[in-house]
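*Asks:* If you read the protein sequences in the order shown, they are chains F and Y.
The opening residue of the first sequence carries number 1 in the numbering used here; numbering runs sequentially from there.
The opening residue of the second sequence carries number 1 in the numbering used here; numbering runs sequentially from there.
Bear in mind the hints are in silico, worked out from the structure with no lab data behind them.
Treat the hints with care, since some could be wrong.
The list that follows gives simulated cross-link-like pairs (lysine-lysine, BS3-like), each with its CA atoms no further than 27 Å apart [said to hold, decoys possible]:
| no. | chain 1 | residue 1 | chain 2 | residue 2 |
| --- | --- | --- | --- | --- |
| 1 | Y | Lys68 | F | Lys204 |
| 2 | Y | Lys198 | F | Lys123 |
| 3 | F | Lys224 | F | Lys241 |
| 4 | F | Lys203 | Y | Lys241 |
| 5 | F | Lys240 | Y | Lys198 |
| 6 | F | Lys166 | Y | Lys68 |
| 7 | F | Lys164 | Y | Lys104 |
| 8 | Y | Lys238 | F | Lys241 |
| 9 | F | Lys151 | F | Lys204 |
| 10 | F | Lys166 | Y | Lys204 |
| 11 | F | Lys123 | F | Lys23 |
| 12 | F | Lys164 | Y | Lys164 |
| 13 | F | Lys44 | Y | Lys238 |
| 14 | F | Lys37 | F | Lys104 |
| 15 | Y | Lys240 | F | Lys164 |
According to the in silico footprint, chain F covers these stretches of chain Y (three or more CB under 8 Å from chain F) [said to hold, decoys possible]:
| no. | region |
| --- | --- |
| 16 | 31-40 |
| 17 | 107-113 |
On a predicted model such as this, the values are computed, not experimentally measured, just so you know.
Cβ atoms here follow ideal geometry from the backbone N, Cα and C, with glycine treated the same way.
Number of protein chains: 2
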Amino acid sequence: MGKEVIIPNISVDCVIFGFDFEKLNVLLVERELIDSKTGAVVIKDHTLTGYHIFEDEVLDSAASRILKDLTGLENIYLEQFYTFSEIDRVAAEKDKKWLAYMNKGFADRIITVGYFSLIDSTKVELTVHNRNASWVPIDEIPGMELAFDHKHIFDRALEALRNKVKIDPIVFELLPERFTLTQLQKLLEAVFDTQLEKRNFRKKVGQMPYVVALKEKQVGVPHKPAQLYLFSREVYEKTKKERIGLMF
Amino acid sequence: MGKEVIIPNISVDCVIFGFDFEKLNVLLVERELIDSKTGAVVIKDHTLTGYHIFEDEVLDSAASRILKDLTGLENIYLEQFYTFSEIDRVAAEKDKKWLAYMNKGFADRIITVGYFSLIDSTKVELTVHNRNASWVPIDEIPGMELAFDHKHIFDRALEALRNKVKIDPIVFELLPERFTLTQLQKLLEAVFDTQLEKRNFRKKVGQMPYVVALKEKQVGVPHKPAQLYLFSREVYEKTKKERIGLMF
DNA sequence: GCAAAAGTGTTACCGGTACACCCATGC
DNA sequence: GCATGGGTGTACCGGTAACACTTTTGC
């Protein structure tokens, strides 16, 4: 560590998803560039987190590193979903200024590998490490100004997330270890931007042996306390059966 | 064209799938290196097709170019599925020798972007362009010796293909425009390495408005001639409905 | 007329969907 | 005792799974 040499033309960008029990959010970092002479604001927008990879580093490690730098968390769910190579993806005027200002020896053309990551946002503190990072609800992204081609990257990430959630129980990565069925339902509703019917939802979850009821219940809530559950990937792996059903 | 400059550390590799009405195959190229002094065979194995990308070229275009170079075909279904960055992925002894022999200015560490492509193999001629290219049934790959990390890339490609086939009607790309239901069934059986029940399969296909029966039938077959069908992506796009059903 | 593959219909079961009411807690 | 979200059962329907026989052609 310390004198790592970057590869100038390859980077990793992370789309970090989190769930606040109401909405699905993405962690964005504020980017601000102020003219040192005039004091005028040259750039003020938001970016995903990303960085170049090092010469002796694999993409997955670079993504983990970036994630840890921003959130302080390790062993987080990360999935590579697409590699972006548009020739002018970092060539907008404001982005060129930004790269010049950074002055880190990046290439003019940068190919970036997109990862999405799912974190239990109850575990992340945005006060210490924050480089002005904040959670933004996914439905606000379309109206925002993002750096580089990050809006495009976000769109692809959300699509990849939805596809993966359908076939693999990764949603649980967005919840605390112990969660209620209502939280799980709200989460899926947020991911797919839809509404689910409570009784049917619970019936379905009841058929998943890997969503296991704990003996504990919520405490201190001003209504009937909910049963707490746990997701066991171990049980999932043991009980899953191959499904071939074509869905198109 | 002509004086294109390659990017030394980024390449594209294509896993080309084809269907011969019996098995699902992959197009592999024979790689042979003979010691110019002794005449001894130094390397003899198989590789996927790939090449570096050019400085002014996008990944998708590089993949199309590579595909066209090998098969002569254009406008082929191509999908990027994963980017491979293991540090020693081209560093095995035989692979280093090969790269030295090629002497094209490639970097020591090459990151490669994997694409899979689906082609109607009745359209490809392996006689003209062939650099010793041949179709290899997918169930023979595990027992073969492949260059670089190409076996790993193939595994990921097959996985990505299966996932995508489940949610999008891309299988039809592997068939001629006009095909029979039995051919479609055999193809799906080959892709998923499974058996399907004829009557149920046909009932299901009967509910897909975008698989349209033609007026024509097979001719010259020594049995009852089969009805020919056509896949219409246009009809598919118009009639598809969003499904959210969780499958895990 | 025989071999070879195409084509078709019925029943049993399961999973999906739609829907309305009682329950436990904090204040 | 009231407001708040937690939790449950039933009826209908559509899709999936299992199964055997008749049809059309080339030779």
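*Asks:* It remains to establish, for every hint, whether it holds in the given structure.
*Replies:* Going through the hints against the structure:
1. For the suggested pair Lys68/Y and Lys204/F, the alpha carbons sit about 48 Å apart, so the restraint of at most 27 Å is broken.
2. Proximity of Lys198/Y to Lys123/F is assessed by CA-CA distance (about 52 Å); at most 27 Å being required, the pair is judged violated.
3. With a C-alpha separation of about 36 Å, the suggested pairing of Lys224/F with Lys241/F is violated against the 27 Å cut-off.
4. For the hint pairing Lys203/F with Lys241/Y, the CA-to-CA distance comes to about 24 Å; that is within 27 Å, so the pair holds.
5. For the given pair, Lys240/F sits about 26 Å from Lys198/Y by alpha-carbon distance, which is consistent with the 27 Å threshold.
6. Annotation: proposed proximity of Lys166/F to Lys68/Y is violated, straight-line Cα distance about 35 Å (limit 27 Å).
7. With a CA separation close to 39 Å, the supplied pair Lys164/F and Lys104/Y exceeds the 27 Å bound.
8. Distance hint between Lys238/Y and Lys241/F is unfulfilled; the C-alpha atoms sit about 32 Å from each other, more than 27 Å.
9. A C-alpha spacing of about 35 Å is found between Lys151/F and Lys204/F, which places the hinted pair above 27 Å, so the restraint is violated.
10. With a C-alpha separation of about 22 Å, the suggested pairing of Lys166/F with Lys204/Y holds against the 27 Å cut-off.
11. The suggested pairing of Lys123/F with Lys23/F holds, with an alpha-carbon distance near 16 Å, which does not exceed 27 Å.
12. With a C-alpha separation of about 11 Å, the suggested pairing of Lys164/F with Lys164/Y holds against the 27 Å cut-off.
13. A distance of roughly 41 Å separates the Cα atoms of Lys44/F and Lys238/Y; the hinted pair therefore is violated under the 27 Å criterion.
14. A threshold of 27 Å between alpha carbons decides the hint, and for Lys37/F with Lys104/F the separation of about 22 Å falls inside it, so the pair holds.
15. As the CA atoms of Lys240/Y and Lys164/F are separated by approximately 20 Å, the hinted pair is consistent with the 27 Å bound.
16. For the region 31-40 of chain Y, the proposed coverage by chain F is not satisfied: 0 residues have a C-beta within less than 8 Å of a C-beta in that chain, short of the threshold of three.
17. Given a C-beta distance limit of less than 8 Å, the hint that chain F covers the region 107-113 of chain Y holds, as 3 residues qualify and 3 suffice.
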